[in-house]
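K.L.:
Got chain Z sorted already, so can you dock chain P onto it with the hints?
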Amino acid sequence: DQQVKQNSPSLSVQEGRISILNCDYTNSMFDYFLWYKKYPAEGPTFLISISSIKDKNEDGRFTVFLNKSAKHLSLHIVPSQPGDSAVYFCAASARWEAGSYQLTFGKGTKLSVIP
Amino acid sequence: DVKVTQSSRYLVKRTGEKVFLECVQDMDHENMFWYRQDPGLGLRLIYFSYDVKMKEKGDIPEGYSVSREKKERFSLILESASTNQTSMYLCASSSGGLAGSQETQYFGPGTRLLVL
Numbered sequence: 001d002q003q004v005k006q007n008s009p010s011l012s013v014q015e016g017r018i019s020i021l022n023c024d025y026t027n028s029m030f031d032y033f034l035w036y037k038k039y040p041a042e043g044p045t046f047l048i049s050i051s052s053i054k055d056k057n058e059d060g061r062f063t064v065f066l067n068k069s070a071k072h073l074s075l076h077i078v079p080s081q082p083g084d085s086a087v088y089f090c091a092a093s094a095r096w097e098a099g100s101y102q103l104t105f106g107k108g109t110k111l112s113v114i115p
Numbered sequence: 001d002v003k004v005t006q007s008s009r010y011l012v013k014r015t016g017e018k019v020f021l022e023c024v025q026d027m028d029h030e031n032m033f034w035y036r037q038d039p040g041l042g043l044r045l046i047y048f049s050y051d052v053k054m055k056e057k058g059d060i061p062e063g064y065s066v067s068r069e070k071k072e073r074f075s076l077i078l079e080s081a082s083t084n085q086t087s088m089y090l091c092a093s094s095s096g097g098l099a100g101s102q103e104t105q106y107f108g109p110g111t112r113l114l115v116l
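Those sequence lines, one after another, are chains Z and P.
Throughout the first sequence, residue numbering follows the numbering used here, covering 1 to 115 in sequence.
Throughout the second sequence, residue numbering follows the numbering used here, covering 1 to 116 in sequence.
Honestly, I wouldn't trust all of these hints.
What the hints assert, rightly or not - Within a straight-line C-alpha distance of at most 25 Å, the following computed BS3-like cross-link-like pairs (lysine-lysine) qualify:
1. P/70 with P/55
2. Z/5 with P/57
3. P/70 with Z/37
4. Z/107 with Z/37
5. Z/107 with P/57
Said to hold, decoys possible - Looking from chain Z toward chain P, a few residues come up when the C-beta cut is under 8 Å (computed):
6. 34
7. 39
8. 43
9. 44
10. 46
11. 49
12. 58
13. 62
14. 65
15. 93
16. 102
17. 103
18. 105
19. 106
20. 107
21. 108
To be clear, the hints were calculated from the coordinates, so they are not data collected in a lab.
Glycine included, C-beta positions come from ideal geometry on N, C-alpha and C.
The shape of chain Z in the complex, shown without the other chains:
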């Protein structure tokens, strides 16, 4: 049962336009959400996060929106640049029984920004 879903495997956007990547989750115990960016043959790089007590977090061109009632979050990239072309993973965190946290990842969305 997939607890974190990224329903779009791929997305193509023109350079300069807005990219919107979506993520849905099912587990109401998730309280922290993260986006990672991954280039081929490299490890994921942390991009931006949001706590469940907020509905928006912004960092430069990247903004994450959280709608708790809909169990939905989205990553907005504006303006999109060719260097943003990568696979983006949504992740959600829940406290594990010993007190530490585990992340559950979506399957990723491949973003292609066309010059």
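P.N.:
What follows is chain P alone, placed relative to chain Z:
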């Protein structure tokens, strides 16, 4: 800056071989994780450790074991490599703690393993 390093970027092994993947982090993080990434399947957690000598199974532990003898080092062991373990292996660490930014995991560059 958090640095997570993995011993090899690319590895080719034969079926039945014992394989060791090493991961080292330099930020005194409590938690360390091993994932594998396969096309269309995202990142799947194999094992994790929240303290020295402690380990917990993730979602897909079968065929793997781990070792954490020192805080900074977390090893993934394939006892008898099989072709279905061909994958990209990613190590990550997080500081631990109560909530928020301590949950952020930082990843190494990955090891691409091919089992023939």
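K.L.:
Residue 46 of chain Z was flagged as interface toward chain P. Is the shortest Cβ-Cβ separation under 8 Å?
P.N.:
holds, 6 Å
K.L.:
Would the stated hint for residue 106 of chain Z survive a check requiring a Cβ distance to chain P of less than 8 Å?
P.N.:
With Cβ-Cβ at 6 Å, under 8 Å, it holds.
K.L.:
With chain P as the partner, please determine if residue 49 of chain Z meets the hint condition of a C-beta pair closer than 8 Å.
P.N.:
Holds. Min distance 6 Å.
K.L.:
Under 8 Å is the threshold here; is the Cβ of residue 44 of chain Z close enough to any Cβ of chain P for the hint to stand?
P.N.:
The hint holds - residue 44 of chain Z has a Cβ within 8 Å of chain P, the shortest such distance being about 5 Å.
K.L.:
Is the interface hint satisfied for residue 103 of chain Z? The criterion is a beta-carbon contact with chain P at less than 8 Å.
P.N.:
holds, 6 Å
K.L.:
Are the Cα positions of residue 70 of chain P and residue 37 of chain Z separated by 25 Å at most?
P.N.:
violated, 29 Å
K.L.:
Does the structure keep residue 107 of chain Z and residue 37 of chain Z at a Cα separation of 25 Å or less?
P.N.:
holds, 12 Å
K.L.:
With chain P as the partner, please determine if residue 107 of chain Z meets the hint condition of a C-beta pair closer than 8 Å.
P.N.:
It holds, given that the least Cβ distance between residue 107 of chain Z and chain P is near 4 Å, below 8 Å.
K.L.:
CA of residue 70 of chain P to CA of residue 55 of chain P, is that 25 Å or under?
P.N.:
holds, 12 Å
K.L.:
Let's test the interface hint: is any C-beta of chain P closer than 8 Å to that of residue 34 of chain Z?
P.N.:
The hint holds - residue 34 of chain Z has a Cβ within 8 Å of chain P, the shortest such distance being about 6 Å.
K.L.:
Taking 8 Å as the limit, does the beta-carbon of residue 62 of chain Z come near enough to a beta-carbon in chain P?
P.N.:
Result: violated, 15 Å to nearest chain P Cβ.
K.L.:
Given residue 102 of chain Z as an interface hint, is the shortest Cβ-Cβ distance to chain P below 8 Å?
P.N.:
Cβ of residue 102 of chain Z sits 7 Å from chain P, so the hint holds.
In summary, the numbered hints that this structure violates are 3, 7, 12, 13, 14.
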